[in-house]
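Visitor: Read off the chains here:
Protein chains: 2
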Amino acid sequence: MGVIYRIDMTGLQVKSEEAAGDYAELGGRGLTSAVVAGEVPPDCHPLGADNKLVIAPGLLTGTGAPCSARLSAGAKSPLTGTIKESNAGGTAALNLARLGIKALIIEGQPEAGKTYRLVVSADGVKIEEAVALAGLGNYAVADALRGEFGEKVTVMSIGQAGEMRAGAASIAVTDMEGRPTRHCGRGGLGAVMGSKGLKAIVIDPAGGSAVKPADADAFKGGARKFIESLRGHPVTGTGLPTFGTNVLANIVNEAGAYPTRNFSEGQFEGVDAVSGETQHDVILERGGQIAHSCSPGCAIKCSRIYPDKDGNYLTKGPEYETVWAHGPNCAIDDLDAIAVMDRMDDDLGLDTIEMGATVAVAMEAGIIEFGDAQGAIGLLKEVEQGTPLGHLVAAGAEVLGKAYGVVRIPTVKGQAMPAYDPRAAQGIGVTYATSTMGADHTAGYAITANILGVGGNVDPLKPEGQVELSRGLQIATAAIDSLGLCLFVAFAVLDDENAGAAICEITGGLLGSPFSGDDFSALGRRVLLIEREFNKAAGFTDADDRLPAYFKTEKLPPHQVTFAVTDEDLSDVFNFTE
Amino acid sequence: MGVIYRIDMTGLQVKSEEAAGDYAELGGRGLTSAVVAGEVPPDCHPLGADNKLVIAPGLLTGTGAPCSARLSAGAKSPLTGTIKESNAGGTAALNLARLGIKALIIEGQPEAGKTYRLVVSADGVKIEEAVALAGLGNYAVADALRGEFGEKVTVMSIGQAGEMRAGAASIAVTDMEGRPTRHCGRGGLGAVMGSKGLKAIVIDPAGGSAVKPADADAFKGGARKFIESLRGHPVTGTGLPTFGTNVLANIVNEAGAYPTRNFSEGQFEGVDAVSGETQHDVILERGGQIAHSCSPGCAIKCSRIYPDKDGNYLTKGPEYETVWAHGPNCAIDDLDAIAVMDRMDDDLGLDTIEMGATVAVAMEAGIIEFGDAQGAIGLLKEVEQGTPLGHLVAAGAEVLGKAYGVVRIPTVKGQAMPAYDPRAAQGIGVTYATSTMGADHTAGYAITANILGVGGNVDPLKPEGQVELSRGLQIATAAIDSLGLCLFVAFAVLDDENAGAAICEITGGLLGSPFSGDDFSALGRRVLLIEREFNKAAGFTDADDRLPAYFKTEKLPPHQVTFAVTDEDLSDVFNFTE
Numbered sequence: 307m308g309v310i311y312r313i314d315m316t317g318l319q320v321k322s323e324e325a326a327g328d329y330a331e332l333g334g335r336g337l338t339s340a341v342v343a344g345e346v347p348p349d350c351h352p353l354g355a356d357n358k359l360v361i362a363p364g365l366l367t368g369t370g371a372p373c374s375a376r377l378s379a380g381a382k383s384p385l386t387g388t389i390k391e392s393n394a395g396g397t398a399a400l401n402l403a404r405l406g407i408k409a410l411i412i413e414g415q416p417e418a419g420k421t422y423r424l425v426v427s428a429d430g431v432k433i434e435e436a437v438a439l440a441g442l443g444n445y446a447v448a449d450a451l452r453g454e455f456g457e458k459v460t461v462m463s464i465g466q467a468g469e470m471r472a473g474a475a476s477i478a479v480t481d482m483e484g485r486p487t488r489h490c491g492r493g494g495l496g497a498v499m500g501s502k503g504l505k506a507i508v509i510d511p512a513g514g515s516a517v518k519p520a521d522a523d524a525f526k527g528g529a530r531k532f533i534e535s536l537r538g539h540p541v542t543g544t545g546l547p548t549f550g551t552n553v554l555a556n557i558v559n560e561a562g563a564y565p566t567r568n569f570s571e572g573q574f575e576g577v578d579a580v581s582g583e584t585q586h587d588v589i590l591e592r593g594g595q596i597a598h599s600c601s602p603g604c605a606i607k608c609s610r611i612y613p614d615k616d617g618n619y620l621t622k623g624p625e626y627e628t629v630w631a632h633g634p635n636c637a638i639d640d641l642d643a644i645a646v647m648d649r650m651d652d653d654l655g656l657d658t659i660e661m662g663a664t665v666a667v668a669m670e671a672g673i674i675e676f677g678d679a680q681g682a683i684g685l686l687k688e689v690e691q692g693t694p695l696g697h698l699v700a701a702g703a704e705v706l707g708k709a710y711g712v713v714r715i716p717t718v719k720g721q722a723m724p725a726y727d728p729r730a731a732q733g734i735g736v737t738y739a740t741s742t743m744g745a746d747h748t749a750g751y752a753i754t755a756n757i758l759g760v761g762g763n764v765d766p767l768k769p770e771g772q773v774e775l776s777r778g779l780q781i782a783t784a785a786i787d788s789l790g791l792c793l794f795v796a797f798a799v800l801d802d803e804n805a806g807a808a809i810c811e812i813t814g815g816l817l818g819s820p821f822s823g824d825d826f827s828a829l830g831r832r833v834l835l836i837e838r839e840f841n842k843a844a845g846f847t848d849a850d851d852r853l854p855a856y857f858k859t860e861k862l863p864p865h866q867v868t869f870a871v872t873d874e875d876l877s878d879v880f881n882f883t884e
Numbered sequence: 307m308g309v310i311y312r313i314d315m316t317g318l319q320v321k322s323e324e325a326a327g328d329y330a331e332l333g334g335r336g337l338t339s340a341v342v343a344g345e346v347p348p349d350c351h352p353l354g355a356d357n358k359l360v361i362a363p364g365l366l367t368g369t370g371a372p373c374s375a376r377l378s379a380g381a382k383s384p385l386t387g388t389i390k391e392s393n394a395g396g397t398a399a400l401n402l403a404r405l406g407i408k409a410l411i412i413e414g415q416p417e418a419g420k421t422y423r424l425v426v427s428a429d430g431v432k433i434e435e436a437v438a439l440a441g442l443g444n445y446a447v448a449d450a451l452r453g454e455f456g457e458k459v460t461v462m463s464i465g466q467a468g469e470m471r472a473g474a475a476s477i478a479v480t481d482m483e484g485r486p487t488r489h490c491g492r493g494g495l496g497a498v499m500g501s502k503g504l505k506a507i508v509i510d511p512a513g514g515s516a517v518k519p520a521d522a523d524a525f526k527g528g529a530r531k532f533i534e535s536l537r538g539h540p541v542t543g544t545g546l547p548t549f550g551t552n553v554l555a556n557i558v559n560e561a562g563a564y565p566t567r568n569f570s571e572g573q574f575e576g577v578d579a580v581s582g583e584t585q586h587d588v589i590l591e592r593g594g595q596i597a598h599s600c601s602p603g604c605a606i607k608c609s610r611i612y613p614d615k616d617g618n619y620l621t622k623g624p625e626y627e628t629v630w631a632h633g634p635n636c637a638i639d640d641l642d643a644i645a646v647m648d649r650m651d652d653d654l655g656l657d658t659i660e661m662g663a664t665v666a667v668a669m670e671a672g673i674i675e676f677g678d679a680q681g682a683i684g685l686l687k688e689v690e691q692g693t694p695l696g697h698l699v700a701a702g703a704e705v706l707g708k709a710y711g712v713v714r715i716p717t718v719k720g721q722a723m724p725a726y727d728p729r730a731a732q733g734i735g736v737t738y739a740t741s742t743m744g745a746d747h748t749a750g751y752a753i754t755a756n757i758l759g760v761g762g763n764v765d766p767l768k769p770e771g772q773v774e775l776s777r778g779l780q781i782a783t784a785a786i787d788s789l790g791l792c793l794f795v796a797f798a799v800l801d802d803e804n805a806g807a808a809i810c811e812i813t814g815g816l817l818g819s820p821f822s823g824d825d826f827s828a829l830g831r832r833v834l835l836i837e838r839e840f841n842k843a844a845g846f847t848d849a850d851d852r853l854p855a856y857f858k859t860e861k862l863p864p865h866q867v868t869f870a871v872t873d874e875d876l877s878d879v880f881n882f883t884e
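Same order as they appear, the protein sequences are chains C and G. Residue numbers in the first sequence follow the working numbering, run continuously in steps of one, and reach 884 at the last position. Residue numbers in the second sequence follow the working numbering, run continuously in steps of one, and reach 884 at the last position.
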């Protein structure tokens, strides 16, 4: 049930097919990964005609299940060379699902220099030339297309970085207010979209309707239980809505795992100025908004709207990862400068994590000084101007670091590590090293048991128990990403058995057949093994599942700890079958 | 017999040890690879303190054997991440050997920003600060040090590129005239030297003496036979001295394997203007020199001295690979512009092959136009100025290509392919794919049987026989590189059994015990397996031994051929034991 549109950018033709087999069964990350693994030659160049960009709502998206409006985008990544799924909030997933669309599969490559847009509606998908959009930032693209098609449409688009086919280029998705603030950020999927000559996708929801569960009663019962659980958990019910994701700043800093000055220290002396608590006060003082939803049907509301000093809208959030990346990781403690960079990243279409990491490496290279907020903003302006330095910055930390002979480049498989130092949170180190996606905290968020005391406790400074922790989380995450659920529901799931049971009831209700906890795990394992198999065929082996050597030798203050999980243990993470 | 100096750049101390065991047995590439494989952590960062730069003359160097003055430099490569040996002519190897030195092993890392030089003499090795040399090009460094230490010293040095720790940075070695024209070019070893704070190595030959063969009569008999064979072979006796290495331009172009416009065509319409024949005439008209030796004891004399239009010295050669890289690969047919770039590369300390390939990728990226010689020169000036674009250029084709989202990047393991398209010379394609060094023609020069009819004939356009051809050549080459012989002796060896026998007699004479053809092959296999083992421990697998996918799908004119050697066959190349 559900239509797959194949958009051939070589022949500029669109075909549709009823989803069948695996493609019918799967959704979200499961579906994007199945299509990439099944149809993309593993050795192809990620920016060539043989790669495919797959966009899919989750399996539960459109049903009305709480927190189920995540959109997955997948392809072979130009940043990592691995399979990649990157997901975002916003309104795209819901609107696609309500149009009965399982996936858009964008294939081939048009003549160089051409710019196109897709218009997706109840009538199907149209490819149209879009010369006027070329060179625009995401805000201008969203404004132009919402002006043309109306305020209810979703706009997915790439900024200048995607047009540059940059390794850190994201795909923007408009949020509940129609702003391009939600991003499939990681892995350079915006560059894949750019390589296909595609600047924007308009999704017109008119004529769509809710996805109907096969067993409405079971579904509704599960949904009620799920909301209760989410509201009752201190993280999803209180911490995230009040202080946003940046509630983590003080917590992770306290734990000594807050990467500072390009991962050379684990605590930042200026954390107070950039913490979630400070951000909360600044936002409220200026008339911004806390407890804001990034996508329809959100029951957590961790997003916020951040105004400038004059009270005018500046950007969303910014999220914990962004504040960290553009802030403490660069020794910057200026929340407004960070917010400006968040806005620039969103507009240029850049992954904020990769950008912050890249600016820090540029600081390590001596291009600008640590702490130089205006210099950091200047580096993003270079991207906008398309200068050689801008190309280097937009290419990500590893490429910039290589060009400047930097030794300390905190990447795995070419992707920058996010906001947790793997030495002081060794479980997340296991995830960085072994994830099918390169360094990615969302692939198996071990900060839960390592630092937050959610789902148990595993000493973050020791290697024991980290492999089991990361493996379990990676499996669960692959399932959550496939269902289209926001990853934050995991906080409740890990502590409250009702939450996991509720997800199973919801899914069983949708399918009209029982869906057990074992089925949930089996789904996660299945998706991970599909991804792992693709990576293997692309040339990746256990030897690639390692952190840069310096994490094993350089001690991280204040705990003076190195990453101690052995190579043998890392090679054991994927030691499971479907 | 022979001393190894360990130069500790962390503690700024020098220790010496008598070479023992493997280190005593091996020389040249065999020795550098044994030290790197035995002492460098495979997962270390190539520019970190754990990497070691090893410099060693060949086993036969200093004995008076013809063509035996090659110098090997080895380390973990910042360009490829593999083990790397890069060898050069010039006077360094002979002078080291005559001082009884088996190897210099440069270890550790000094405080950032410091600049040192080594002074190697009969009294040992001294580390000295060398602030005045910082930022200079190789020509100025050689001038300064020869002014200070006398005209008989050898100077090894890095230019600005090595100080930038650039992926394409070479180590220059002064030639017979004291000019820095001979380079350990490939793999960024100049960056490793730069990462150790080392700008130059002065080698004062005073007090040195010839290496004495154990069996002088056997040695002399072999040497006589060897010279006869080299003089009698049409390539080493006539072609190379008369027209230099660039004699290949017309031949390879005729074969349709002359990569043109960034490997998009196999023939260049302007080849006549840049051929070895034209170069020969230009050099003689201007009062330059052909049949010039790049190192002492050369019996081939393929080098030349290239004057500018006013008859003043401009540069050596340029060699076939350089003419191709900066010429036809960039659609440039201006021999003088190419010579200017050769001079700039030598002065900045850059691998000419990597530079030409990088300029071509910059052209493909649209930074400058194909055929724009002044634009190409301008890109090298950016390196000199240390601009972001200069860093990108000096980082090599893959990094620049990634920063600009280029799909057609002709590299293997991060190193640019040299002057033979692997589709129209599939044997060299096997070498590019499987060499322990990344894309490197000298690792197994299958052009012999593919195009030159030397050592038999293997149809260059078909996959059959290429694996056996490349494997045999890779083994022989590893032995030749370990003995310190110029690779060009292989032309004679492949066609004349007396040449191979002569090498064995020479080696047996040196050692004072019989050295058979089997011993020669065993040496080559041993060295290759040492290298392969290091690469495996560094994370490389068979899956890395592949050409970029587009060589398997894009047809190369004029033969309209794709690379057809199967992955299975490529994985079979290293299917041998010691």
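To be clear, the hints were calculated from the coordinates, so they are not data collected in a lab. Hints may contain errors.
[Said to hold, decoys possible] In silico BS3-like links for lysine-lysine, alpha-carbon gap of 30 Å or less:
1. C:Lys420 x G:Lys518
2. G:Lys321 x G:Lys420
3. G:Lys768 x C:Lys321
4. G:Lys420 x C:Lys768
5. G:Lys531 x G:Lys615
6. G:Lys861 x C:Lys842
7. G:Lys687 x G:Lys615
8. G:Lys615 x C:Lys842
9. G:Lys518 x G:Lys531
10. G:Lys615 x C:Lys861
11. G:Lys768 x G:Lys858
12. C:Lys420 x C:Lys432
13. C:Lys842 x G:Lys768
14. C:Lys518 x C:Lys615
15. C:Lys858 x G:Lys518
16. C:Lys687 x G:Lys615
Visitor: Give a verdict on every hint.
Guide: Here is what the structure says about each hint:
no., hint, in the structure
1, C:Lys420 x G:Lys518, "violated (70 Å)"
2, G:Lys321 x G:Lys420, "holds (21 Å)"
3, G:Lys768 x C:Lys321, "violated (39 Å)"
4, G:Lys420 x C:Lys768, "violated (37 Å)"
5, G:Lys531 x G:Lys615, "violated (41 Å)"
6, G:Lys861 x C:Lys842, "holds (27 Å)"
7, G:Lys687 x G:Lys615, "holds (21 Å)"
8, G:Lys615 x C:Lys842, "violated (56 Å)"
9, G:Lys518 x G:Lys531, "holds (19 Å)"
10, G:Lys615 x C:Lys861, "violated (59 Å)"
11, G:Lys768 x G:Lys858, "holds (13 Å)"
12, C:Lys420 x C:Lys432, "holds (16 Å)"
13, C:Lys842 x G:Lys768, "holds (28 Å)"
14, C:Lys518 x C:Lys615, "violated (46 Å)"
15, C:Lys858 x G:Lys518, "violated (47 Å)"
16, C:Lys687 x G:Lys615, "violated (45 Å)"
The earlier numbered hints that this structure contradicts are 1, 3, 4, 5, 8, 10, 14, 15 and 16.
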